[in-house]
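Can you make the complete structure from the sequences, with help from the hints?
Here the protein sequences line up with chains A and B, keeping their order.
Residues in the first sequence are numbered consecutively from 1, following the numbering used here.
Residues in the second sequence are numbered consecutively from 118, following the numbering used here.
For the record, the hints were derived by calculation from the structure and aren't laboratory data.
Hints are supplied without guarantee of correctness; some may be wrong.
[Claimed, not checked] Some, not all, of what chain B presents toward chain A, calculated at C-beta under 8 Å:
1. Asp157
2. Gly159
3. Leu219
4. Gly222
5. Gly224
No residue lacks a Cβ here, since even glycine has one placed at the ideal position from N, Cα and C.
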Amino acid sequence: AQSVTQLDSHVSVSEGTPVLLRCNYSSSYSPSLFWYVQHPNKGLQLLLKYTSAATLVKGINGFEAEFKKSETSFHLTKPSAHMSDAAEYFCVVSVPGVSGGYQKVTFGTGTKLQVIP
Amino acid sequence: DSGVTQTPKHLITATGQRVTLRCSPRSGDLSVYWYQQSLDQGLQFLIQYYNGEERAKGNILERFSAQQFPDLHSELNLSSLELGDSALYFCASSVRTNTGELFFGEGSRLTVL
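And the structure:
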């Protein structure tokens, strides 16, 4: 079984300051990990993904995340927050399904990022 | 544009009624997932289909049912609707052999009055 824990339900940063959204996971298998972003009244959009290649993953809009197996973490960072980054962010773990040919996907509970001008 | 199409985008109905939400996955995607998102419950996984077969079930009520058809589109049926069923319902799809990346539709917003 796998699980995802997003350690903060709300994060507030000032515009131009760094962003850190924390995610810890557990999985019996080597997982794939993702971050999705959801702007108000919109669908979810993929920010970045880790699929057992480089541990430091770069995504869209200047975001990146580092896979740390020893810490079972996949924290999302951005050097400088922009007003347009205000949204909800979801950390996701995915492992192969039991019967094969599909993925079992587990979402975290989300972190709402507020950016203060 | 993710390539996943959901209809209708908005739906207003009364308690006790039944509605059907439709999802067309991206071309070639065999897996379809349904999620419910509400203010108090957050994003909740409902059910997953793979090539027409149910693969995983989450917090889906007995009043709700879904299916995936041979052409791979999926429908989510919600019956005996209650006020608490008001939510945004998302469909997502993924390819067979990928690593689990999901492509989400824009959602269907259901309001039960």
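Hints, verified against the model:
Taking 8 Å as the C-beta contact cut-off toward chain A, the hint placing Asp157 (chain B) at the interface is violated, the least distance being around 12 Å. The closest approach between the C-beta of Gly159 (chain B) and any C-beta of chain A is roughly 6 Å, which is under the 8 Å cut-off, so the hint is satisfied. Below 8 Å, beta-carbon pairs count as interface contacts, and Leu219 (chain B) has one with chain A at about 6 Å; its hint therefore holds. Here the hint on Gly222 (chain B) is kept, as its CB sits about 6 Å from the closest CB of chain A, short of 8 Å.
A hinted interface residue such as Gly224 (chain B) counts as satisfied when its beta carbon comes closer than 8 Å to some beta carbon of chain A; here the least separation is about 6 Å, so the hint holds.
The structure shown violates just one earlier hint, number 1.
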